[in-house]
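Chemist: So you can see what is in the structure, the chains are spelled out below.
Number of protein chains: 2
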Amino acid sequence: MDEFQLIRRYFSEGSAARADVKLGVGDDAALLIPPPGCELVATVDSLVADVHFPIDLGSRAVGHRALAVSLSDLAAMGAEPAWALLALTLPEVDEDWLEAFSRGFLDLAREHGVALVGGNMARGPLNISVTLQGTLPAGEALTRQGAKPGDIIYVTGHPGDAAAGLKLLQAGQPDLRDVCVARFAFPDPRVAAGVALRGLASAAIDVSDGLLADLGHLLAASRVGARIEMGSLPLSERLLELHGRQKGCELALRGGDDYELCFTIPAARSTELAARSQRLACPVTRIGSIEESAGLRVMDGDREVRIAAYGYRHF
Amino acid sequence: MDEFQLIRRYFSEGSAARADVKLGVGDDAALLIPPPGCELVATVDSLVADVHFPIDLGSRAVGHRALAVSLSDLAAMGAEPAWALLALTLPEVDEDWLEAFSRGFLDLAREHGVALVGGNMARGPLNISVTLQGTLPAGEALTRQGAKPGDIIYVTGHPGDAAAGLKLLQAGQPDLRDVCVARFAFPDPRVAAGVALRGLASAAIDVSDGLLADLGHLLAASRVGARIEMGSLPLSERLLELHGRQKGCELALRGGDDYELCFTIPAARSTELAARSQRLACPVTRIGSIEESAGLRVMDGDREVRIAAYGYRHF
Numbered sequence: 000m001d002e003f004q005l006i007r008r009y010f011s012e013g014s015a016a017r018a019d020v021k022l023g024v025g026d027d028a029a030l031l032i033p034p035p036g037c038e039l040v041a042t043v044d045s046l047v048a049d050v051h052f053p054i055d056l057g058s059r060a061v062g063h064r065a066l067a068v069s070l071s072d073l074a075a076m077g078a079e080p081a082w083a084l085l086a087l088t089l090p091e092v093d094e095d096w097l098e099a100f101s102r103g104f105l106d107l108a109r110e111h112g113v114a115l116v117g118g119n120m121a122r123g124p125l126n127i128s129v130t131l132q133g134t135l136p137a138g139e140a141l142t143r144q145g146a147k148p149g150d151i152i153y154v155t156g157h158p159g160d161a162a163a164g165l166k167l168l169q170a171g172q173p174d175l176r177d178v179c180v181a182r183f184a185f186p187d188p189r190v191a192a193g194v195a196l197r198g199l200a201s202a203a204i205d206v207s208d209g210l211l212a213d214l215g216h217l218l219a220a221s222r223v224g225a226r227i228e229m230g231s232l233p234l235s236e237r238l239l240e241l242h243g244r245q246k247g248c249e250l251a252l253r254g255g256d257d258y259e260l261c262f263t264i265p266a267a268r269s270t271e272l273a274a275r276s277q278r279l280a281c282p283v284t285r286i287g288s289i290e291e292s293a294g295l296r297v298m299d300g301d302r303e304v305r306i307a308a309y310g311y312r313h314f
Numbered sequence: 000m001d002e003f004q005l006i007r008r009y010f011s012e013g014s015a016a017r018a019d020v021k022l023g024v025g026d027d028a029a030l031l032i033p034p035p036g037c038e039l040v041a042t043v044d045s046l047v048a049d050v051h052f053p054i055d056l057g058s059r060a061v062g063h064r065a066l067a068v069s070l071s072d073l074a075a076m077g078a079e080p081a082w083a084l085l086a087l088t089l090p091e092v093d094e095d096w097l098e099a100f101s102r103g104f105l106d107l108a109r110e111h112g113v114a115l116v117g118g119n120m121a122r123g124p125l126n127i128s129v130t131l132q133g134t135l136p137a138g139e140a141l142t143r144q145g146a147k148p149g150d151i152i153y154v155t156g157h158p159g160d161a162a163a164g165l166k167l168l169q170a171g172q173p174d175l176r177d178v179c180v181a182r183f184a185f186p187d188p189r190v191a192a193g194v195a196l197r198g199l200a201s202a203a204i205d206v207s208d209g210l211l212a213d214l215g216h217l218l219a220a221s222r223v224g225a226r227i228e229m230g231s232l233p234l235s236e237r238l239l240e241l242h243g244r245q246k247g248c249e250l251a252l253r254g255g256d257d258y259e260l261c262f263t264i265p266a267a268r269s270t271e272l273a274a275r276s277q278r279l280a281c282p283v284t285r286i287g288s289i290e291e292s293a294g295l296r297v298m299d300g301d302r303e304v305r306i307a308a309y310g311y312r313h314f
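Residue numbers (numbering that gives the first Met the number 0), protein chains in the order written: chain Z, 0 to 314; chain P, 0 to 314.
No copy labels: a pair is met if it fits in one copy or bridges any two.
Pairs of lysine to any residue residues, derived as SDA-like cross-links and limited to a Cα-Cα distance of at most 20 Å, are as follows:
#: 1; residue 1: 21; residue 2: 144
#: 2; residue 1: 21; residue 2: 201
#: 3; residue 1: 147; residue 2: 297
#: 4; residue 1: 21; residue 2: 220
#: 5; residue 1: 21; residue 2: 36
#: 6; residue 1: 21; residue 2: 137
Note that these hints are calculated values from the structure, not bench results.
Make a model of the complete structure from these sequences and hints.
Modeler: Next up, the structure:
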C-alpha cells in the first residue's frame, strides 16, 4: 500500500466535519476558510519514541497524546481548535499499530471539533509531528505576557499525576484504570478552560515540561517574579498514596507531561474566576502569587524551599 | 543549550517580517491575522535522512529543501506563501549543522516572504517536518480536479535534472556548479508560476514523485486520461549530456524531486498562457494533452511506449 492509500484508509475519515474546510486531505494542500474577523493560533509539536513516550506505550495512547499536546498549546492561548496536519514517519507499515493510532488521534479530534486536513507519511524512525490551528476573536488571545505583581497564580487539575503515571508505566504497570497512568497515556487538554479564561486571565501557559519550568517562562515573558505555596499544590489522592507529600510535591513542581494550564488573574477579579470555573470539568486551584522581584520562590509555610533544576530540558 | 535557546539562537530572526504575524516564535502558539476575504492553503511535509536526501547532503541544502518542498505544494495551488512552522528532531546539538541548516531554510523563507512563526525541537533520529501556509483570494485556488478532454498539458522547467543530480551526488560528485546537482540540492519552487496560473489553469499539481506518477494523480482526481509526447519532454542539455535521450526521458518521466509544476490549460486559452509565461523565470513546455479515455499513454511518435511502475512509492 502506498502513502496515499494509507492516508486514505486510516485518516481520510473520522475527524470532525467542518464547513470551513473547502478541501481536505488529497490535493497538494488543504483549502481552509478562516472565519471573518478572527485571528489564527498555530502550533507544532513532535513526539519521538523513547523520548516523549515509552516505546511500548499502546499506539492508541500515542495517537491521542500526539494531538493532545497541541490542543494544550491552543488551550493556553484561549483558542478554539479547528484544523490539524499530521506528519507521520514510520519504520514499516504495521496496520494494527496504524489502526489504533488513528483511532486515538481521530477520537480526540472529533471530541474537540478538529478536522484533519493534511497529512504526510514517510518511512524512517518513528516520529509524529502535529500542526494544529485554532481561531479566536481578534484581540482576545491569552499570552505569557501580562502577569502583574499582585496577580494570583492558578493551576488546573492535578499536576504530578502524569509523572507518577509514567513511573508506573516504566515499572510495567500499564493499568489504565489508575488515574495517574490514564493521565499520562490519555491527557485531557484544558481547551474549555482556556476559552473560559479569555478576557479574564492576565497571562497563561500550558504545563508540559513541569510546573516550575513553565511558570518560569511565563514570569520571564511578563518580567515579574512569583511565590508558590507548596502547601497549596493540588496533589491528587492517588499521587499522595503512591509517593507521599514530599515526593508528590516534587513531582507536581518538576514532573512533566501534565498538560494543565497555569495562569494568572488580577486579585480583584478572583470572584469572576470562581463563577466561571464552576462550569469547567476540571478543578482550578490557587497556588501562589506574582511578585515584583524576579525569580520563583517556593514556600513551605514561612520557609523557602531550595529548588534545583526546574524541569525537563529537551537537549 | 535547551530547546528554547536553540530556537531563539538559530530561528527567531532571519525569516521574513510580516505585518500579519502578531506573535511569532516564543509563546505557546503563534498568533496570525488572515487577510480579509482570503482562503488559507496549508500543507505539511517531512524529510527523513537517507530516505529523502543522502545523509551527507550539506545541511544548508537540507534546510533549503525542507522549505522548498512545501513551497512547491503551495505553488501547485496558486497560493502566496506566508507562514511556516518547523519541527526539527536532531540526534544531538551540532551547532555547525544547525547554523547552515537555518541559513538554507531562512534564506529561502525571506526570498518568498515567509515568516517562521513556530518551531519545535526534539532529540531523536534526524527528522524535519515543515508546515507551510499561504493565502489566495477566495475561489481562486488551483486543484488537481478540473482537467477536461482537449486541455493541453504543460510542465515547468526541466524534469529529470534533479534525478540526474541525485545520481551525481550518490556517485560522490557534489559540485553545485553542475545544474543537475544544484537542481537537486537547491530546488527552486515555482511559486510565481503558480500565482500566474490562477484563473487560467484547469488543474495543477507539483511534480515531486515523478512526472508520470504525479500527472497520474491529477488524471485520477479529474477523472480523465492523457497522452504524453516523449519527443516534447524539455530535457536539459546537461541531462542529455549525462544520460542521452532514452535514459534522459526515463528520468524526466519517472525520476523524483523535480518540484516543477504540471498543469492543464483549455486549448482555446493557450495564447494567454504564452503571454503570462513570458513574465516567468522558468520555461513552460507543452508535453501532451488530456483525453477522455482513462489511463496515461506515453507516445514516441506514433508508437506507444510501455511504462513500468510510475514513480517513487513511499512504502
